[in-house]
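K.L.:
Chain by chain, the residues:
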Amino acid sequence: MTIDIQGISKRFGTYAALQDINLRVGAGELVALLGPSGSGKTTLLRIIAGLETADSGTVLFEGEETLNRHPRDRRVGFVFQHYALFRHMTVFNNVAFGLQVRPRGQRPPKAEIAERVHRLLKLVQLDWLADRYPNQLSGGQRQRVALARALAIEPRVLLLDEPFGALDAKVRKELRRWLRHLHEEMGITSVFVTHDQEEALELADRVVVMSQGRIEQVGTPGTVYRTPSTGFVYEFLGDVNRVECRVESGQVLLEAGGTPLGGAADHAGPAILYVRPHDIELLPPDERLGAATVRLVHEVGPVTRAEVEYAGTLFEVVLPEGGRVPAQGELVRLSIRRGMLFPRERDPGEPPRPFLPFRSGGPTPAVNLGPHTAGMG
Amino acid sequence: MTGTAEPAAAFLVPAGTAGTARVLAARGRWVLGAWDGLSQAVEGAAAGLAGAGAVRIEAQGIEALDTVGAIELARLARRLEALGPVEIAGLDPVRQGLLDAARKAECAPPIGRPVERPIIAVVERAGRAAYAMLDETLDLLAFVGMVAITLGRTALRPARLRGSAIIHHMEKTGLDALPIVGLLSFLIGVVLAYQGADQLRRFGAQLFVVNLVGISILREIGVLMTSIIVAGRSGSAFTAQIGTMQVNQEVDAMRTLGLDPVEILVLPRMIALVLALPLLSFYAAAMGLLGGAAASYAVLDVTLAQFLRQLQTAVPVGTMLVGLAKAPVFAAVIALVGCYEGLKVSGSADSVGRLTTKSVVVSIFLVIVLDALFSILFASFGL
Numbered sequence: 001m002t003i004d005i006q007g008i009s010k011r012f013g014t015y016a017a018l019q020d021i022n023l024r025v026g027a028g029e030l031v032a033l034l035g036p037s038g039s040g041k042t043t044l045l046r047i048i049a050g051l052e053t054a055d056s057g058t059v060l061f062e063g064e065e066t067l068n069r070h071p072r073d074r075r076v077g078f079v080f081q082h083y084a085l086f087r088h089m090t091v092f093n094n095v096a097f098g099l100q101v102r103p104r105g106q107r108p109p110k111a112e113i114a115e116r117v118h119r120l121l122k123l124v125q126l127d128w129l130a131d132r133y134p135n136q137l138s139g140g141q142r143q144r145v146a147l148a149r150a151l152a153i154e155p156r157v158l159l160l161d162e163p164f165g166a167l168d169a170k171v172r173k174e175l176r177r178w179l180r181h182l183h184e185e186m187g188i189t190s191v192f193v194t195h196d197q198e199e200a201l202e203l204a205d206r207v208v209v210m211s212q213g214r215i216e217q218v219g220t221p222g223t224v225y226r227t228p229s230t231g232f233v234y235e236f237l238g239d240v241n242r243v244e245c246r247v248e249s250g251q252v253l254l255e256a257g258g259t260p261l262g263g264a265a266d267h268a269g270p271a272i273l274y275v276r277p278h279d280i281e282l283l284p285p286d287e288r289l290g291a292a293t294v295r296l297v298h299e300v301g302p303v304t305r306a307e308v309e310y311a312g313t314l315f316e317v318v319l320p321e322g323g324r325v326p327a328q329g330e331l332v333r334l335s336i337r338r339g340m341l342f343p344r345e346r347d348p349g350e351p352p353r354p355f356l357p358f359r360s361g362g363p364t365p366a367v368n369l370g371p372h373t374a375g376m377g
Numbered sequence: 001m002t003g004t005a006e007p008a009a010a011f012l013v014p015a016g017t018a019g020t021a022r023v024l025a026a027r028g029r030w031v032l033g034a035w036d037g038l039s040q041a042v043e044g045a046a047a048g049l050a051g052a053g054a055v056r057i058e059a060q061g062i063e064a065l066d067t068v069g070a071i072e073l074a075r076l077a078r079r080l081e082a083l084g085p086v087e088i089a090g091l092d093p094v095r096q097g098l099l100d101a102a103r104k105a106e107c108a109p110p111i112g113r114p115v116e117r118p119i120i121a122v123v124e125r126a127g128r129a130a131y132a133m134l135d136e137t138l139d140l141l142a143f144v145g146m147v148a149i150t151l152g153r154t155a156l157r158p159a160r161l162r163g164s165a166i167i168h169h170m171e172k173t174g175l176d177a178l179p180i181v182g183l184l185s186f187l188i189g190v191v192l193a194y195q196g197a198d199q200l201r202r203f204g205a206q207l208f209v210v211n212l213v214g215i216s217i218l219r220e221i222g223v224l225m226t227s228i229i230v231a232g233r234s235g236s237a238f239t240a241q242i243g244t245m246q247v248n249q250e251v252d253a254m255r256t257l258g259l260d261p262v263e264i265l266v267l268p269r270m271i272a273l274v275l276a277l278p279l280l281s282f283y284a285a286a287m288g289l290l291g292g293a294a295a296s297y298a299v300l301d302v303t304l305a306q307f308l309r310q311l312q313t314a315v316p317v318g319t320m321l322v323g324l325a326k327a328p329v330f331a332a333v334i335a336l337v338g339c340y341e342g343l344k345v346s347g348s349a350d351s352v353g354r355l356t357t358k359s360v361v362v363s364i365f366l367v368i369v370l371d372a373l374f375s376i377l378f379a380s381f382g383l
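These protein sequences, in sequence, are chains A and B.
Take the first sequence: its position 159, counting from 1, is numbered 159 in this note's numbering, and each next residue is one higher.
Take the second sequence: its position 78, counting from 1, is numbered 78 in this note's numbering, and each next residue is one higher.
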C-alpha cells in the first residue's frame, strides 16, 4: 500500500501550516515525520487520515484518490498521543467497537469479532486485561490498547501521532523496540510523527525532517544524520556547534576576531560552520595556534562533555571514552576534525561545503594560514 | 561565565588627559555575563567625572562587546554628554555599528496615546457581536441540517441505531430527572394557586383558581419549566460529555474507525430526549396540578374532588395537547444545541467549561423564544 502526497497545502487563517508538500511512502515502509512543534507534521498526518481537509493537493492510496472518500473506506488505523480510548468501555469493547458498529452487511459475526479482538490483545500482550477499563491501565498499556484498536479494522495504513510522547523514557524505549518488531511482523505501511530525533533515527526506515510547513530533507536515518542538506537539519538532528565564521582565501576564520579554524575550498564570504561535539578533539596546547580554555566539564553517564572557549567562542565537545579528562581552566588546543560549511547566502538546493581540518597532529596546517600565523611560523 | 568575577573598577580606568578632555580607558569583556560589574563601572565613572567637561573614551581595550555591553557604553556616553562633548575612539566598524544601534535604540519611541471614542467603541462592539451571532446562527443551522440528513439516512436503515444508547440516555435525562422536576413543578403549582387565590378572593371568584392553575400549568408552565430544568441538567451534560471526548480525541478516534460522530453521539441523545421530554412534561404538569390542588385545599378549602370537577369543566383536553406538542420541539433544540457546542470544543479543557455554560444559555434562550413563537402560531390557529 503506497501513499502519494501531492502538493498538499493547508492554512489556518493567515498561518501557513503546510506549504506544497510532496512525499511518497512506499509499501510496507515505516516513515517518521520529524520536526519541532509547529512544523506541520501532525497536520499532515491528520490530512492523510482524513481528519483534516487540505486546501489544495491530493493524497493517493495505491494510486487512488482518497480526499473525498469516507474515512471508513480509507481503512486507516490511527494512534493518538493521548491514547483517546473510549473511557466508558472495557479494553475488549474499545478494540471491538470499530467492528461492532459496522453496518450489518460488513459486520463480522460476534464470535469472529471476539476471536479477532483476543488475537489482537495477545499480539499487544494485554489479553489478561480485556475486562479492565482504560483508567485502570498504565500509560504504556493504554497505548498498546490504542494500537490494538487501530489494528482491529485491518488498516491498510497505520498512522501514529507522537505515539510515545506521553510516556516515560524507559517505557518509551521498550515500546519503541516492540513497535519496530511489530512493524516487521505485520508489514503495514506506517507513518509516525515525532519531535524526538532519537526515536525517528532508531525506528524509521526513512526520516522526513519538517520545519515551518515544509519538508527540509527526506532520507534514511544514516543519510540525514551524516549529510544534512540544510542547517536546520544539522541543528535538529543531534547536538551541534553552530559557529559564525567567514571564509577568506581558502581558510575559515571566526567571525568574531578572525581566528583561523581550518580550510574550505571554493567559497568566500560569511558562512556558518556546523561541527558535532564528538568531531572536536582536545590536544595539548600549541602556542602558535593559540590556546583554548576548558570552561566546564560534566559527565553524563558514559559521556563526558566539555565546554571549551576558543577566541571568545564557546565550543561543546564530547570527549572520547577512556581518554584523559581535562580539568576546568586547563589550556588546550582545539582541533576540528570534521564539519560542514553553509554559506550565509545560498540558493535553496545548493549543497554545503566540506570543512577541511588542519592536518592532525602536525603543527603545520593543511592550508596556508596566511599572515595571521605566517609571521610566527 | 567569565567576567562576573571581574571587579567593576577594571572596566573603566582613568587614563590622564588629552588636551582639555579627560580620558577613560575601557577594558575587559563588555558582555551580558559581566553586566553587574559593567553597570557599576558606568555609574561609578559617571559620578567620578561629574563636572569634568569634555571626555574621551578609548575603547581599543575592550576584548568583547555584545549588545548589553554596547547598551552600557551608550548609557555612559549619554550620562557624560550632559556634562560636555564625548568622544568614543578606537572601535572597529562592527563594534561601532553595534554602538550606533544601541544609541539609536536608547531613545524611547514615542507612544501615541490611544484616542478614546467611547460611543464609536460601543457601536463597534455591537456590530462585531451581531456579526458573530450571525455566523454562529448559520453554523448552528448547518449542524441542524447535517443532523437531519443523518437522521433521514438512519430512518432508512433503523437497524443502525443503537437502542441501548437511546435507552441509556432516556434514563439519564428522563428517569433521573423525575425528583427535581416533580418537586419544582409541585412548588410552582402551590405558588400559582396561592397567589391566584389571594387576588381572586377579592372578587369572590375563588373557584376560578382552578382555571388559572389548570390552564397556565398545562398549556405553558409545565412544559417550559421542564425544558429549562432539562436544558440545565441534560443539555449541559451533553456538551460536557461530547466536549470531553473531543478534548480526549475520542471523537477523532471514532472518525478514523470509520464512524460518524453525529450518528454515534448526537442521534441517540436527540432521540432519547425527544422521547423523554414529553413524558417528563406530562409528569411535571400532573405534579403542578397536585401542588395547585394542595394549595387550594389549604387556603380556600377546595377539596380534591371539587378541584378535579372544576378542572374538567374549565380545561379542555386540547389545552394539555397544545402544551405537550411543544415538548418534542424543545427537546430537539436542547439536544441539538448541547451536542453542537460539545462538538465545537477544541483543544483545551477550559473550552469545555465555557461552551457548557454557553450551551445552557443558548438552549434556554431558544426554548423561550420558540415558546413565544408557538403562542403566536397557536393564537393564529385559534387554539
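Quick caveat, the hints were computed from the structure, so don't treat them as lab data.
Ideal placement from N, C-alpha and C gives every residue a C-beta, glycine not left out.
Please note that a few of the clues may not be correct.
Which chain B residues stay away from chain A? Per the calculated CB distances, all over 10 Å, these [stated by the list, open to error]: (1) Asn248; (2) Glu250; (3) Asp252; (4) Ala253.
Simulated restraints, written as ranges between beta carbons of each label pair [as the list claims (entries may be wrong)]: (5) His181(A) <-> Tyr131(B): 54 to 60 Å; (6) Thr17(B) <-> Arg242(A): 31 to 37 Å; (7) His181(A) <-> Gly347(B): 32 to 38 Å; (8) Tyr131(B) <-> Tyr15(A): 21 to 27 Å; (9) Pro14(B) <-> Thr14(A): 28 to 34 Å; (10) Ala126(B) <-> Ser37(A): 34 to 40 Å.
K.L.:
Against each hint, give a clear statement of whether it holds in the structure.
P.N.:
Comparing the hints with the structure gives:
no. : hint                                : result
1   : Asn248                              : violated, 6 Å
2   : Glu250                              : violated, 5 Å
3   : Asp252                              : violated, 5 Å
4   : Ala253                              : violated, 4 Å
5   : His181(A) <-> Tyr131(B): 54 to 60 Å : holds, 56 Å
6   : Thr17(B) <-> Arg242(A): 31 to 37 Å  : violated, 45 Å
7   : His181(A) <-> Gly347(B): 32 to 38 Å : holds, 35 Å
8   : Tyr131(B) <-> Tyr15(A): 21 to 27 Å  : holds, 22 Å
9   : Pro14(B) <-> Thr14(A): 28 to 34 Å   : violated, 56 Å
10  : Ala126(B) <-> Ser37(A): 34 to 40 Å  : holds, 38 Å
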